[in-house]
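Enquirer: What follows is the residue order along each chain.
4 protein chains.
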Amino acid sequence: MVIVMQEGATDAQIQNVIDKLVVHGFDVHRSTGASHTVLGAVGVHRDFDHRDFELLDGVREVMRITQPFKLASRQFKPEGTIIDLGRGVKIGGPEVVVAAGPCAVESREQIHAIAESISKAGAKIMRAGAFKPRTSPYAFQGLGEPGLKLMREAADKFGLFTVSEVMDPSQVEMMGQYIDIYQVGARNMQNYHLLRALGEVRKPVLLKRGMSATMEELLLSAEYILAGGNYNVILCERGIRTFETYTRNTFDLAAIPVIQKLSHLPMWADPSHGTGRRDKVPPMARAAVAAGADGLLIEVHNDPDHALFERAVQRLKRLCDESHVGTCGGTTSAFNSEPLTVDFLPHVGTPHPPRHDSGHRPHRRLLRAGLEKKSHRRSFVRLGSPGSGKGKSSARSV
Amino acid sequence: MVIVMQEGATDAQIQNVIDKLVVHGFDVHRSTGASHTVLGAVGVHRDFDHRDFELLDGVREVMRITQPFKLASRQFKPEGTIIDLGRGVKIGGPEVVVAAGPCAVESREQIHAIAESISKAGAKIMRAGAFKPRTSPYAFQGLGEPGLKLMREAADKFGLFTVSEVMDPSQVEMMGQYIDIYQVGARNMQNYHLLRALGEVRKPVLLKRGMSATMEELLLSAEYILAGGNYNVILCERGIRTFETYTRNTFDLAAIPVIQKLSHLPMWADPSHGTGRRDKVPPMARAAVAAGADGLLIEVHNDPDHALFERAVQRLKRLCDESHVGTCGGTTSAFNSEPLTVDFLPHVGTPHPPRHDSGHRPHRRLLRAGLEKKSHRRSFVRLGSPGSGKGKSSARSV
Amino acid sequence: MVIVMQEGATDAQIQNVIDKLVVHGFDVHRSTGASHTVLGAVGVHRDFDHRDFELLDGVREVMRITQPFKLASRQFKPEGTIIDLGRGVKIGGPEVVVAAGPCAVESREQIHAIAESISKAGAKIMRAGAFKPRTSPYAFQGLGEPGLKLMREAADKFGLFTVSEVMDPSQVEMMGQYIDIYQVGARNMQNYHLLRALGEVRKPVLLKRGMSATMEELLLSAEYILAGGNYNVILCERGIRTFETYTRNTFDLAAIPVIQKLSHLPMWADPSHGTGRRDKVPPMARAAVAAGADGLLIEVHNDPDHALFERAVQRLKRLCDESHVGTCGGTTSAFNSEPLTVDFLPHVGTPHPPRHDSGHRPHRRLLRAGLEKKSHRRSFVRLGSPGSGKGKSSARSV
Amino acid sequence: MVIVMQEGATDAQIQNVIDKLVVHGFDVHRSTGASHTVLGAVGVHRDFDHRDFELLDGVREVMRITQPFKLASRQFKPEGTIIDLGRGVKIGGPEVVVAAGPCAVESREQIHAIAESISKAGAKIMRAGAFKPRTSPYAFQGLGEPGLKLMREAADKFGLFTVSEVMDPSQVEMMGQYIDIYQVGARNMQNYHLLRALGEVRKPVLLKRGMSATMEELLLSAEYILAGGNYNVILCERGIRTFETYTRNTFDLAAIPVIQKLSHLPMWADPSHGTGRRDKVPPMARAAVAAGADGLLIEVHNDPDHALFERAVQRLKRLCDESHVGTCGGTTSAFNSEPLTVDFLPHVGTPHPPRHDSGHRPHRRLLRAGLEKKSHRRSFVRLGSPGSGKGKSSARSV
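Protein chains in written order, with my numbering: chain A, 48 to 445; chain B, 48 to 445; chain C, 48 to 445; chain D, 48 to 445.
Some hints could be false.
A pair holds if it fits inside one copy or across any two, identical chains being indistinguishable in the list.
Stated by the list, open to error - With a straight-line Cα cutoff of 20 angstroms, these simulated SDA-like cross-link-like pairs (lysine to any residue) come out:
#	residue 1	residue 2
1	Lys196	Gly246
2	Lys124	Ser82
3	Lys204	Gly55
4	Lys137	Glu101
5	Lys364	Phe187
6	Lys124	Ala59
7	Lys204	Gln114
8	Lys179	His353
9	Lys179	Pro216
10	Lys308	Asp203
It is worth saying that the hints were derived from the structure and are not from the lab. Here the structure is a predicted model, which means the values were calculated and not measured.
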């Protein structure tokens, strides 16, 4: 913690600040400049509120130095987290995982048709809402539990995993019977009761960045879940609010490499909400993968017009296919990962030999694996079977 | 609803859109321009999702015309809502009501000392947190129910009403025993489960604008509560997120007259969070009152230094005092309310003769009443006595 | 300057940074924490680019401590700047000065009619554009020099001063024949060639905050003018860009007390552009005055409808009138200025005794003078008579 | 233009608006709904200010339908603009062009060393500042004309084109002797005098998006240059201002496909300013290319440390190299361009056969050419040789 005193702060004021720092167990270093005195306080404690010091007389500014998140930080797990859903689907691993589906479950017919299409297109996970966070109380709020049942049935039939939004702690246990991944929407990113409830289960949680949340706040919300003991957290950029109105949100793709540097958690991108414009989804999906995204959340609109739906599925297929021929923003690992090596973990000896350094045929591997994005080894987290309840997921094989 | 077709949209595409509009029960008017065709759809239905039409082939843009909120709109109750807490404290009436208190309840000693000070200073309501929405899971999360008990005790002793933040539906009933007004924080403005739970009680709810919420979204969140049957909603501006970093948030004071034009609900301002800078609270509190705020939420910091606390209380006292001599941004009603008359309700006959038009001595009234901000009559809502439980306020006449 | 090293920075990296700091003439203090090393560099030089240090190996962050503006800072002139236009009109003094007028000069008839109206309403300065910065090249760009002539003529007839926007260095000399105050629009706030050209004249410059400019950047742009020798700079808040779309801009009123604390320059507000909504101008004008604004810029629309124009003039009159009976957000000086005393200049002995502490009858003075906002004495700057050309205002004493 | 009347607007008010529209030459269609009347005005004129209608009594909102830019719109030139610099370097063509260089020219030694490095790395254009728009008047403002001479000399020696920032109309002619592309910085995006001056030359202009400019405003600023007769405009995304502070700006990559749909002008990206973080440049450069960028502007820092400079050059080389093996976000043209076909120009018959449809081996071409992004043919603009002066590029065929 660095404390900058006001210009003209008196000796008594400075001494008062120093005394209080010492009481809190800090070592204090004092730098006296021509106009300002700066105090460096060494040994920050986790539950210490640095803002208390902003109120002291003579203090101009207090700057935190250490990151406020611990379990979510890359230091805590330098090799990165991989969440293994089973059947070869690993989130945070070398492949970009695509989740697709409609805004909401509407009927058996609808959800089966979509499940079949996205499964054929190459998606591994079906996303659809049964509880919809709608701005207006008069809008359709989702089918609820019956919708989840329909979704599970369709997903099982076509070999898909499922992700759906949870809105309240009271839904966590019930939803656990039907879904493989809990989604926390942007509006609930700081619903701390919900985050704590999700810290107590072991199924993965896909946590979306709030519309005005900083990257640090996203990581602190993840920290709530991790602190509860659930380490299977996936983060997701979905656009932030800015003055630009042409796109519904401003898709902040730089959040992808930033978060991947700061944290070991997998980082996804949602270009559908990120842009709010159907025709911008393909280029921005590709850009997200090029920026290093570990997965994509694609909304296949429940179009009022069947031709539109078919076009959307074709686009989805092309997106998934491209992943396998290395043309969809596929990255050579050394390129993206180098900054990680250099700027963040310079002290880890000879760290993580880049994947294709192991030998030969880098391009062939690239063409085959397409989206192998990362060079770091990751520790694997094996989850229990689908449908298993809260905290019990010891052997899920979905 | 206005639908703008793309330049070059085909006749078949236009006809397809018209057909679908007719199926939904709209009357359609078509305007054919040199480059664009525009369709006017008359007769919008409340649970209709206009975005479905954005997806149709050939559609460029869909613009909603009617406001999506109904019960919260001023049309629903042109005269404005007044919430009568009892003992002469009326929110939304001619006086600016000041709520003050610490960030969190910490101890009996602390909360009694503050209650005494703010009561003497002129505040009518004590604000303090027992459940704190903290960005970090490691920060102090509040004393919980014991904190509420301490707060109630102190408030009763010094004749104050209480407001405290509720974070989860599971807390609503318990908190109803201790507080007079539920506060919904900025982070929970779109926690719809919580809003619905608060729609079922009858105690007032102070709903704070989210950090990136538009004014329309704030009103839609209020609509959730109103739609549940609880009409005692107070709105509150507390600053939005922008690029400016000198102040913690950008205090959007224009929201006050805008919301008061769009809605009949009382509109408060929280200059403490709105600026995040202690020394900016007094000028921005005054500016908020000048802009027409119905009430103020002032944080009296639980300062680490006693002298600071005393200074804060003195400032609070001056703020409350000024209200009574007409010097704190007091407004002549006709000035602020005129636009309301002219632009919003021109059809209501000869509505609400401006207060001082009735005759004479406008200045004397101004000096005496200080903060009489509005010229419209308001229907009164009489609530039960402070401390009465959930749903009991049967005297409400709205 | 404080330099935070990365976690894991090596001793060699730290020593390298220290060596470079010493070469630049800094004294360096080193704080070694458990995870980070922090270096305090004392003795910052004005033309030193601290970002060069961000690039050094092992550096995580570089934080500037001293303010980058000097001549614009309040330290440079604690008593505040007052710009005396003559005939009793002083900007930055105890009265709020109102400038009003149409968007653009359109014809002799129009500008004379408006000049007469605003003069009767109580405005002291006429604002109108002859060169219009229009987003579209096809929009009306203003009458140019003939427009300025018409404006001067009308202003002289009705005893008004004039302010008009200058867009390019090439216009400075010509415009000096017609206007009393140069206006720099939001789009040109960082047009440094223009700012330098205005540093060479002695007529006042009204510098508007850019749409996405921080307060610090506004002060740095002012510094360009001051550094050229022209100390007669007026700053102006006119709204910033945010996600909120109901108002055209978000009127950041907190900028008023913030700038007044950081700088000695007069700070105005432009509620017309700040809100972009005609009916929100009166409440936000009052809020700006309550927040401490030294002046207001009010656009009296050149309405297509005469009745609207009359209504606007009536509103303007009421606004000016209220200033004189203390009802328009008039402030007791001690209240707003106290933070200035306490937080910013605690070392200046017993500084600037608050105005009404000098004696008696504070309320009477308040009621009479209305907008006496500041308690500090100010040094006066006496300018030449209106209409005098570039660089001639030799009576300036700063 | 669509005009929405207020709820409760009187017949007289509605008729008044209709009358005024008719006077301006519009055809008017009236839609009368239960609560609102909507007027469609057909036949908008270019120099008509729709905001005049917002002021009329009874009008709630005026919505423009037609785009305010004409020459910059894709309709004006559906096939896209290609700017041919000569020696095979075509901006807007199938290859991504990389411009690189230091922030500022500092010395002959420096600029020659950098020119050699970036030329070897594969960049085609050298970027460097001789006039620097610095926030602070005390920061280094650039070497001026001598810097441009050094830059030209170095560029000629190593076969590079040059781009450098122009800040004022007075510099245009002089700079034309030294540079191949004029750069307009973000701060000057709405410096209309400068834009008009650049409309009179024929050398290409690289126009950067302002920090708070919407995409539409960027296109309107381009329109100023185009309207002057200079059609060689390149647009560039460089990050916008948001609340996020981890990155210096928020790099709005969605602007790339949006602008490419709205306009025929080449669209570049500047990941160096877009992120402000050295280690985020490589991933965001790749993401920009994946999103469809026609070119990249990369700052090779003039590092205080030689090892850093070498690393930056290596990264630049890898970025340029990847372009040629299809691994740097290379796109199959059909994918990105499809939306263009479908949503924007459905009426242009069988438009622009995708490039590789002309034949065979699409993937092989993709792998070889890497960054062939677009499928549309483009009309070529041939410019004079580098160094040729203002207005001489007579071979232009646009």
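Enquirer: With reference to the structure, classify each hint as holding or not holding.
Expert: Status of the hints after comparison with the structure:
1. Lys196 with Gly246: neither (24 angstroms within a copy, 29 angstroms between copies)
2. Lys124 with Ser82: between (42 angstroms within a copy, 16 angstroms between copies)
3. Lys204 with Gly55: Intra 73 angstroms, inter 43 angstroms, cutoff 20 angstroms: neither.
4. Lys137 with Glu101: neither (45 angstroms within a copy, 35 angstroms between copies)
5. Lys364 with Phe187: Classified as neither; 29 angstroms inside a copy, 49 angstroms across copies.
6. Lys124 with Ala59: Neither: 44 angstroms inside a chain and 26 angstroms across chains, both beyond 20 angstroms.
7. Lys204 with Gln114: Neither. Shortest intra-copy (45 angstroms) and inter-copy (43 angstroms) distances fail the 20 angstroms Cα cut-off.
8. Lys179 with His353: Cα proximity of Lys179 and His353: none, with 23 angstroms in one copy and 49 angstroms across.
9. Lys179 with Pro216: both (15 angstroms within a copy, 17 angstroms between copies)
10. Lys308 with Asp203: Neither, since 36 angstroms and 40 angstroms both go past 20 angstroms.
In this structure, the earlier hints numbered 1, 3, 4, 5, 6, 7, 8, 10 are contradicted, and the remaining ones agree with it.
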